[in-house]
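Asks: Let's have the full structure, built from the sequences with the hints guiding it.
Going letter by letter, the sequence shown gives residues 12 to 315 in my numbering.
Check each hint, because a few of them may be wrong.
[Claimed, not checked] So the derived label-pair ranges between C-beta atoms look like this:
| hint | residue 1 | residue 2 | range |
| --- | --- | --- | --- |
| 1 | Arg247 | Ser192 | 49 to 59 Å |
| 2 | Pro313 | Ser47 | 52 to 62 Å |
| 3 | Gly275 | Ser79 | 38 to 48 Å |
Hints in this document: simulated from the structure, not taken from any laboratory. Where a beta carbon is used, it is the ideal one built from N, C-alpha and C, also for glycine.
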Amino acid sequence: MSDTTAEAVEAFSRHLRAERGRSEHTSRAYLGDVRSLLGFLESECGVTDLADITLRDLRAWLAKLAASGAARATIARRSAAARTFLGWAARTGRIPTDPSVRLVAPKRQRHLPGVLKQGEASALLDVAAVAADDEDPMHLRDRAALELLYASGIRVGELTALDVDDIDLAAGVVRVMGKGSKERTVPFGAPAREALTAWLSRGRPQVVTGDSGPAIFLGRRGRRVDPRQVRTAVHRLLEHVPDAPDLGPHGLRHSAATHLLEGGADLRLVQEMLGHASLATTQIYTHVSVDRLKQSYRQAHPRA
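Replies: If you want it as structure tokens, here you go:
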């Protein structure tokens, strides 16, 4: 690599870790993929300067990965890392244009909808946070929406119906109008508060119009966002989480409830948080197994 390219990689590393607070795992993965790309460009294409990278070079890199037997998920992840790095390089003036704008990786094989593992959920939210680094209002919105969906377990329809007054950032709670017009209050944590604050202070003001009304989440034209847009964002960002099941916003609700139970939350509290009328629904929805119920029974019942 040229000195300029090496400096850019180091600056990108600082950007991920110090300036944006990305996790060590995410930073290491992105930097490894970027170095893989740069090594290929130097050895196979004779390219040592970022400004000389072309879309054809990037496609040749992905083709080489595919020919070597790399999994679709691996190719998708490396493609995402390349787009993030080159997009950042263009925004910071290190290259005149971003050659990865039209780079399309092979689609990952789709799996049956399921529940994210805790590590996969964290990786998804890391991807959303990295995407929001460019301060695009839609990326800030998507990050806030995903953080709130996972933090609170609310339905996507409940999310898109939220108004500004429904969020209490100081208290860390959201007021939700659920099925049957039943209102409930659901807590959320610090990461969701941070993402919501960024959206409300730096994203929403860029797109709000006189016709936006009180809606929290807006589209680029200032209208209230619809569930389809949120669903598209979840699918798009999940493409960059290796081996994660392909699911939509309802999968984040499912995952949130499952992880709460795995962490020891009371089943009835999870029922209240999700807004289920029946405890049986909560048991099925959160994959509470018969074996687990039997274990809890043996531990808790005096005549077990």
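Asks: Are the hints correct? Go through all of them and say.
Replies: Against the structure, the hints:
no., hint, verdict
1, Arg247 x Ser192: 49 to 59 Å, "32 Å, violated"
2, Pro313 x Ser47: 52 to 62 Å, "60 Å, holds"
3, Gly275 x Ser79: 38 to 48 Å, "44 Å, holds"
The earlier numbered hint that this structure contradicts is number 1, and it is the only one.
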